[in-house]
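Note that the protein sequences, when read in sequence, are chains A and B. All the letters of the first sequence, read from the start, carry residue numbers 1 to 250 under UniProt numbering. All the letters of the second sequence, read from the start, carry residue numbers 1 to 227 under UniProt numbering.
To be clear, the hints were calculated from the coordinates, so they are not data collected in a lab. Computed from a predicted model, the values in this text were never measured in an experiment. By construction, the Cβ of each residue, glycine as well, lies at the ideal position given by its N, Cα and C atoms. Possibly wrong hints are sitting among the right ones.
[To be verified] Reference excerpt, derived from the structure (chain A facing chain B, CB under 7 Å, subset only):
1. Val61
2. Phe137
3. Gly141
4. Ala148
5. Lys157
6. Ala158
7. Ile161
8. Val165
9. Val167
10. Pro171
11. Ile172
12. Ser176
So you can see what is in the structure, the chains are spelled out below.
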Amino acid sequence: MWKWLHPYAKGEAAYRLLGHWQPWLSGLALILVSVGVIWGLLYAPADYQQGDSYRIIFIHVPSAMFAMGAYTGLAITAFIVLVWQIRTAEWAIAAIAPVGAVLTFISLFTGAVWGKPMWGTWWEWDARLTSQLILFFLYVGVLALYYAFNDSRTGAKAASILALVGVINVPIIHFSVYWWNSLHQGATITRFGDTLMPSSMKMPLYISILGFMFLTAALIVYRLRNEILKQELHRPWAMAQLGVENDHGV
Amino acid sequence: MNNMSMWRLLTTVMRRDLAVALRRRSDVVNPLLFVVIVVTLFPLAVGPGPDILGRIATGVIWVAALLSSLLGSERLFRDDFLDGTLEQLVLSPAPLPLLAFGKVGVHWLLSGLPLVVLAPLCAMLLKLPIAGWGTLMLTLLVGTPILSAMTAIGAGLTVSLGRGGALLSLLLLPLFIPLLIFAAAAVENALLGTSAIGQVLLLTGLMLLTLLLAPFAVAAALRVSVN
């Protein structure tokens, strides 16, 4: 496996590989998110208790899932940065963190919009809301640390240490907050095939979740390719890619 | 390296750090004064009635403790970084996590332990019912080592930046949340007359876990910063 993975530690190879993936990821994301969201928002039956306002879950749940999923990815990448010091992984930190932060924000925002008619308040100091908010702060911290250093390698390593410290803390924060105060409903989808939801609502939700997975991956791939180009701009292949003339004579 | 010399190494680092810190006493005293002043501001801001003050006392004291821990964080590595001592420590064959542990220990002795001693004064100023005093001190006693260790991680990450203050609070304050929750809940239980032993034991467990893992994170952070 290492023999196969090794070439992609180099910027150019990784750039090309991601270039092959990019149209597939983007296309799948576009199709699945459109189908899932349109089906969910327009055609799925209304909830007998919550009426139409439950429909926010077709955006809320997938974004919350991949807000956490992206943090897991960030932590794995951070581990790779610290152990193998692969440069592509360092750039991936800068690619994953903003996507995760935005997903976290979307889940918080949609949650607030849903909470106003349902709970009667925009914000409640409930366990899941609070731990999601803290997740947002962790993302912001990783990003702030990454860009605080003039040298991007130092910044990436420092941000990686913080991301790993954060990942040990995430379960502790989660359970402490949970124990502190909880209003949020329990998980509806516990296991696949064993849910409390009718399939007419479940299917669009699953499609939307899959779509958000590809969307997250596609956005990360876009950002990572840009980051690789930006960092490798002094190299001939990157200049050729952008069609820039090499006028430094290097 | 055998156990004996590890122990000697630890005590040497701690004695040196203590000597350096005590030579500049204002750096040690100022964060403590900060806590007392913050505590004094609250009665002026929310009114001196004992029911409000007593309700918020634990929270105010703990938040002041968190902030003062950030204020005192510069002392941990800044001077050593500027005069090159830190580089020598990183380059030395001695295990860096052990040295980091010693530094965390001294930081706690000079910033955490005095807070435990100051707690009754703050509790009195904020009219915390006397039933909660013992538990408040206990939570500070087991909680402040966590503060020192986590602050050391943040300080290690930002030491080469120079202007790390606001950044440091952004990094560290979210990580302090469990500490705040358990400490406040413990004192709350004590005030209600029920047992606070569960929260105190949880905090103790968190402290042991943090003291076990944090030195390695501090060492990694210092290696990155000194590079």
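Quick rundown of the hints versus the structure:
1. Annotation: Val61 (chain A) was flagged as interfacial toward chain B, and the flag is violated, the nearest CB pair being 24 Å apart, outside 7 Å.
2. Given the 7 Å rule on beta carbons, the hint for Phe137 (chain A) holds: about 4 Å separates it from the nearest Cβ of chain B.
3. The restraint placing Gly141 (chain A) at the interface with chain B holds, with a minimum CB-CB distance near 4 Å, inside the 7 Å limit.
4. A least Cβ separation of about 6 Å between Ala148 (chain A) and chain B falls short of the 7 Å threshold, and the interface hint therefore holds.
5. The restraint placing Lys157 (chain A) at the interface with chain B holds, with a minimum CB-CB distance near 4 Å, inside the 7 Å limit.
6. Using the Cβ-Cβ criterion of 7 Å, the hint placing Ala158 (chain A) at the interface with chain B is satisfied: the shortest such distance is roughly 5 Å.
7. The beta carbon of Ile161 (chain A) is positioned within 7 Å of a beta carbon in chain B (closest approach about 5 Å), and the interface hint is therefore held.
8. A cut of 7 Å between beta carbons decides the hint on Val165 (chain A): the least distance to chain B is about 6 Å, and the hint holds.
9. Hint on Val167 (chain A) is violated. Least Cβ distance to chain B is approximately 11 Å, over the 7 Å limit.
10. Taking 7 Å as the C-beta contact cut-off toward chain B, the hint placing Pro171 (chain A) at the interface is violated, the least distance being around 10 Å.
11. Taking 7 Å as the C-beta contact cut-off toward chain B, the hint placing Ile172 (chain A) at the interface holds, the least distance being around 5 Å.
12. This hint holds: Ser176 (chain A) has a C-beta 4 Å from the nearest C-beta of chain B, less than the 7 Å allowed.
In the structure shown, a violation is registered for the earlier hints numbered 1, 9 and 10, in ascending order.
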